[in-house]
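Undergrad: Knowing the structure of chain A, use the given hints to seat chain B on it.
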Amino acid sequence: MTTTTVLSIGGPRLTMGFDRFDRLDLDRHRAVHGGLPELDLDELIEMAEKIEMRGRGGAAFPFARKIMAVARRAGLRSSEVTLPGERREGRPGKAVVVVNGAEGEPGSAKDKVLLTRAPHLVLDGAAVAARALGTKDVVLAVEDEAAARSVRKAAAERRMSVRVVRLPERFISGESGAVIRAINGETPIPPGRKVLAADSGVDRRPTLLSNTETYAQLAVLASLGPDLYASVGTDSEPGTTLLTVGGTSVVEVPLGTSLGAVLERCDVTVGQGLLVGGYHGAWITPAAIPMARVSRAGMEAAGGVLGAGIILALTPGTCPLGEVLRIAEYLSGQSAGQCGPCRMGLPDMVRALAALADGSGGVEEIRHAAGVGRGRGACAHPDGTARFVLSALDVFAGDIAAHRRGGSCGLPVFGVLPLPVPTGAETRLSVDWTRCDGHGLCAYLVPELVRLDRYGYPVMLGSEIPVWLERDVQRAVSMCPALALRVTSALGVPASRGAGSRKK
Amino acid sequence: MESQLSDRPLLPRWAPYTAVAAAAFVLVAVATPPGAAAAVVVQSFLVYYSGVFALVALSISVMTGLLATERLLLKVHHRVLAQALHRASSVLAVTFLTAHLLVQTLGGQVRPDQIVVPRAEPIGFGALAFDLLLVILVTGLLRRRFALGGRPWLWRALHALAYVAWPVAITHGLTAGRAPAVWVEWGYTICLAGVALSLLTRLLVTVRPRGSRTVPEPRYASAEERAVARSGVQQGAEVPR
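The listed protein sequences correspond, in order, to chains A and B. Under UniProt numbering, the letters of the first sequence match residues 1 to 504, in that order. Under UniProt numbering, the letters of the second sequence match residues 1 to 241, in that order.
Simulated from the structure, these hints should not be mistaken for lab results. Heads up, the beta-carbon is just placed ideally off N, CA and C, and yes, glycines get one too. Do not take every clue at face value.
[Said to hold, decoys possible] DMTMM-like, lysine to aspartate or glutamate: derived pairs with alpha carbons at most 20 angstroms apart: (1) LYS153(A) <-> ASP137(A); (2) LYS75(B) <-> ASP437(A); (3) LYS94(A) <-> ASP25(A); (4) LYS75(B) <-> ASP453(A).
[Claimed, not checked] Label-pair restraints from in silico Cβ distances: (5) LEU134(B) <-> SER478(A): 44 to 52 angstroms; (6) ARG454(A) <-> TRP183(B): 47 to 55 angstroms; (7) PRO16(B) <-> ARG193(A): 56 to 64 angstroms; (8) ALA21(B) <-> THR423(A): 38 to 46 angstroms; (9) GLY406(A) <-> LEU204(B): 45 to 53 angstroms.
[Said to hold, decoys possible] Heads up, incomplete: computed chain A residues facing chain B, CB under 10 angstroms, no partners named: (10) ALA59; (11) TYR444; (12) SER478; (13) ALA482; (14) THR488.
Next comes chain A alone, as it looks inside the complex (with noise of 0.2 angstroms):
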């Protein structure tokens, strides 16, 4: 596991005393936050409006919309309102308190280091909330080993009942819907129908579910008090936030500091562009860096999203069409493969954008094929996936051209953008060329892997067997005349452009 450094620009809030501990105990937390603050529904709530608190887990949804919609389902608030064409599912019951732990996004480290070094403010945002919504239940889905035990632990010395649950380490993992599903048991994936979690969320009971951030913020809003609270940042963003810069350091900003500054507090050299916003986010030109700052407000008018809080640089000297190709390549596979525009869509776009870099091919093929998802699909990963592209084309076009002219820019792709650690069990399909007889069925069987070229032969995707196409690889493999056609390990292979392994 790679160590993650902590650093802060303007006072610490949520990351206080990761100067001096390893690990903020009960008792070191209660020195450095005080007690538990008690407050009440409507007390909440008036809070969380006054500074207008959003979630932090990337959607930034105002929590208090969303705390009220969970207490007008559990029955702690008469239902004053209810919409023309609001439907109810779900039966009302006493609410659940999810903390989201989970990070799909390999660039992504905030949570992690929240819960394996401030556990108990996390457990306090918990408390306050569950409190208010006049429950004990309180659920935590993370991903990683280290903070699970961290929280358990936590519990244990604060005497609450926590219910942690494990989710595996997977992109979309992270979607509130698929957190839910993996709560009940269920297969964690995005579901087919969207269903609010406030409605009908573990064991189909009213839930209030945010990300890890959003419950240290509302930890600490609890106690300093909304004045207070808005003494740093910008007047209609106030407080700090959480950025994971590089994927190894988490620093927490004020609102508003220029992302300059952030960048030079982290030592990060920026080479043809900075991404922001993790893999669903978007590029921007070093050029925009200056004038951006790091809100929503800042971060869309420099043209990109805050997201998650992730920032990655491309260092100076890689080739960047092929990291983003190599990141293209991972989303495509991280698919649940549920839904057809995604299914199809993003392996055409991974397709597209290898023609591009080995300059068969051009920019119109690839924004063809970003354009598959808007809107349609169970979760936001075609939508986030061609964000991600799109805003490459228009930052990397010196690039794109180089790409065009001669079929390469001459640079290395280094892969500095971060990719989970390879299992081992990562497979690929290969062709044995000397048996191959251009029958074609692969193609049939399994289109999303494999085209024809006008000869009739197959051109592989060179990306890795995604968990949801094994069955019909095994299909195609069993089915081809030529016996041919065979699923070889990832790992020793050479991948198609340098995407292979690397450890940090």
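TA: Structure of chain B alone, referenced to chain A:
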């Protein structure tokens, strides 16, 4: 908590339970008078016709196997279908053959050693065909091993034993037991003609002039076809073309 899609078992989890429940149902049902009468009918059907049905299924299997690589007339999806038919009829043939062997042995018509040791007699032809089919069955199930290994020709050679096993089995069907009924003879004749035609097609395809191969237009499975192939697990499939 691994994704459950990855380690789906070969048979669905309910399959063994269903089989046990069905067996129990049959055992109980046979104890009742109408059940016993039905069992007698089924048994006599198996005694007289399981061999015929095994032969018909085997013939279909040989035909579809021969046609499955035909590329002049058949499109990719036809060939996939032919292969699926080939497998299904092979499974059917093996099932009927098993029933045939069990019923004939348990009924006392043949000694157990007669069904495996080939001799120069009508039943001996059946034994020879059975031995060959056993080799084809086992290597067929291990086909993917051969795809990984370095000797695909070995698999082909073993699988081609079907061309020996099939006529031997037909001979057995015509010579062993009662004199075949007229419609059974007709059935065998149709099978012979079908296989001959398939063989001719295969030979034509194999010796065709090299330049005549038409380049197939890539065609990908449509959403419905893939949904069928996928045995209906994933939903929301909407495949753009």
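Undergrad: Please write out, lowest number first, the hints stated earlier that are contradicted by the structure.
TA: Result: hints 3, 5, 7, 10 break, sorted rising.
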